[in-house]
Each structure stands twice: as C-alpha cells, then as structure tokens.
Amino acid sequence: MEQRQSAVHSLIELLETIADNKYVLGDRLVEVGVSGPNLEATLASIAMAQGELGHARLLYNWCFDLRGLKGKKPEIYGQTGKALESAVNVHNWITLIAALYATNTAIDAVLQSALDANHPAIVSRIQKLIREQQDHLVYAKHWAQQLAHERGAVPHRFREALNAAANEAAAWLKEVESKEELQQEGYLPNGVKLVERLQQELKTVAAEPFVQLK
Amino acid sequence: MDKRNTETEKYWQALKEVMDPEFPISVVDMGLIYHIEKVDDELHVTMTYTAVSCACMEWIEQDIRDRLLKEKGVRDVHIHVVWDPPWTVDRISPEGREKLKYWGVSST
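Protein sequence lines correspond, in order, to chains A and B. In terms of this note's numbering, the first sequence opens at residue 1 and continues consecutively. In terms of this note's numbering, the second sequence opens at residue 215 and continues consecutively.
No lab work stands behind these hints: they were computed from the structure. These figures come from a predicted structure and were not determined experimentally. Misleading hints may appear alongside valid ones.
[Unchecked claim] Derived DSBU-like pairs: lysine-lysine, alpha-carbon spacing no greater than 30 Å straight-line: (1) A/K193 to A/K203; (2) B/K230 to B/K315; (3) B/K252 to A/K72; (4) A/K214 to A/K174; (5) A/K193 to A/K141; (6) B/K224 to B/K313; (7) B/K230 to B/K313; (8) B/K284 to A/K73; (9) A/K179 to A/K70; (10) A/K72 to B/K315; (11) A/K193 to A/K214; (12) B/K315 to B/K252; (13) B/K315 to A/K70; (14) A/K203 to A/K82; (15) A/K72 to B/K313; (16) A/K73 to B/K252; (17) A/K73 to B/K230; (18) B/K286 to B/K230; (19) A/K70 to B/K313; (20) A/K214 to A/K82; (21) A/K72 to B/K230; (22) B/K286 to A/K72; (23) A/K70 to B/K286; (24) B/K315 to B/K286.
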C-alpha cells in the first residue's frame, strides 16, 4: 500500500513536471514565436502553442484526479515550479528551438517508455497526446537541423543553447530513471533507459557530434 | 464504442442537433460520441475531442448537456471525456464527410 502511494506520488511529480514544461513552452511559443524568422514558422509556432497548452491542461487535470480530488477542475494560472530552466529562459528563436527540441524529445522518451510499459491507466491517457506531439517534434527537429547548418554565428550559438537544454533534460531523465517505484508499479518498464533514448535522437541533428551530454 | 440500442437511439438523434462550433457538422457525425448509457434518469455520455487542445470543450459539453436535458425523463447528464481510442478522421460519418466536402474541407 505504502509502495503504491509512493509510486502515485512520483507519477504525479513526473506528470506535473511534463505539464509545467509544456505550459512554459506553450507560453514561449507565443511570446517568441510570434516574431519567428518567417510567416510559416510563426503560424506553426502559434498553432503548436495551443497544442502544448492543451497537453499541459490534460496533464494537470490528470494530476487532480490522481490526488483523489473531486469537483470542477481548477483554472491554471501558472506552472508549479518544475519546468526546466532552459524552457523558462527562452528569449529568442535560437533558445526557443533548442528548448522545444530538447525538452519535448526528453518528454517523448518518457511517454514512449510509458507506452512500452503498457499500464492501461497510463496508455489510455497519453495515446492522443503522443500522436499530437510527433508534429511538434518534427517541426523542432527540422528547425534544429536548419540552425545547426546556418551560416555565421548561428550554429555556434545554437549548439551552446541546445547543449545546455539537452544536458538539463538529461539530468531530469536520469532522476526519473532512478525512481524505482515508477518501474515497480509498472508505470515505466524495468531498467528503462531514458537518457539513452534522448541521446540517440539528439545524434540525428547533425552528422558530427553536435550535442555532448556530460 | 458506438454501442447504439433502441433505448439510447433517441439521444444519438438528439445529439445530431448539437453542432461542432467550427463546422456545421454534428458532434455525432464528427465521431466525437463514443457511448451513451441511461442509468435511471441520468445519462452518461462517453466522448472524445479531435485534439487534446480543443478550445471549445466546455462550450460543446454545455451544448450536449442542454440538448439532452430537453429529452423527457432525463434529469442529469454526465460527460466522460476519454482519449482512447484516439480520434482520427476515420471516425467522421459518411454524412459528415459530405458536409465537409461541401465546405471545401478535406477529411482524408
């Protein structure tokens, strides 16, 4: 019983961390994305902002249910303080793409692993979200590749931003991997390799090693 | 899903009058309604949305409630939103596809 409670507590923390990141990214996709490099990028950014905020809402509401609370779901006025710094500190297009790509890739690693674990209560809640998230990942990845191969100072600045965001995301994933109760309760597969999943994906941004995880 | 029987058929028909706010297609033809069950004088509607970020959720749910409460013998309506199976365009009815086509919207 105690182990189950501990697992639910960790699950809430995990979901809330994902929700916080999506909430912040949704906000940044509007604030920074509105002045994107071209009209298509801007329109897509605003559309994805709605998607990210919707995902955040779904996850916050799920946490509400997991806490055993009843009644009308509360309005959401801000994150709970668990968002990654690289997402919070997005201030231009380069840091936006770096945070969007690294953070959502890390989130995807967690959610895809949860799908692999096949816990019915989890799968039924995340199927749709994961499908929608794939579009955001394709967008972020293509922009990441474009910025990595730009001319002038952009590739260097992007590499710095992506490395910072990726390392922060990897540290978070390492922490999630270490929570044995999530695996024992079947929320994540036993011996889940989240950092490895992140690393594999980040390798595809450029031919040479562009991201180095510490 | 889509379990319709003689007892609940009239509610499915009633919901054909509830339109999606973005297109003149009912929530039934959009494939948003998965199941309707009547327990005593209460209806339980299991439904989904086209996207997790649908901005019209509360609006649609209120429209569904308002319409079903007009039915005789219905005292309360409970809406359960689910995301599994995920909605895809395959859920749009042939009638819905025709309407989308008329409005120049692809449903493939």
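For a C-alpha distance cap of 30 Å, please report whether B/K252 and A/K72 respect it.
Holds, at about 23 Å.
What's the verdict on A/K214 and A/K174, does the C-alpha distance respect the 30 Å limit or exceed it?
12 Å, holds
Has the given pair, A/K193 with A/K214, been kept, meaning a C-alpha gap of at most 30 Å?
The given pair, whose Cα atoms are some 16 Å apart, holds under the 30 Å limit.
Just to be careful, I want the Cα atoms of A/K70 and B/K313 compared with a cutoff of 30 Å; is the pair within it?
39 Å, violated
For A/K203 and A/K82, compute the direct alpha-carbon distance and say whether it is at most 30 Å.
It holds: about 26 Å lies between the C-alpha atoms, which stays within 30 Å.
What's the verdict on B/K284 and A/K73, does the C-alpha distance respect the 30 Å limit or exceed it?
26 Å, holds
Does the structure keep B/K286 and B/K230 at a Cα separation of 30 Å or less?
17 Å, holds
Is it true that the CA of B/K224 sits at most 30 Å from the CA of B/K313?
Given that 30 Å is the threshold and the Cα spacing comes to 22 Å, the pair holds.
30 Å limit on alpha-carbon distance, applied to hinted pair A/K72 and B/K315:
38 Å, violated
Pairwise hint evaluation, B/K313 against A/K72, where the allowed Cα distance is 30 Å at most:
Cα-Cα ~35 Å, so violated.
What's the verdict on A/K73 and B/K230, does the C-alpha distance respect the 30 Å limit or exceed it?
28 Å, holds
Are the Cα positions of B/K315 and A/K70 separated by 30 Å at most?
Not OK: B/K315 and A/K70 at ~42 Å, beyond 30 Å, violated.
When each numbered hint is compared with the structure, violations occur for hints 10, 12, 13, 15, 19 and 24.
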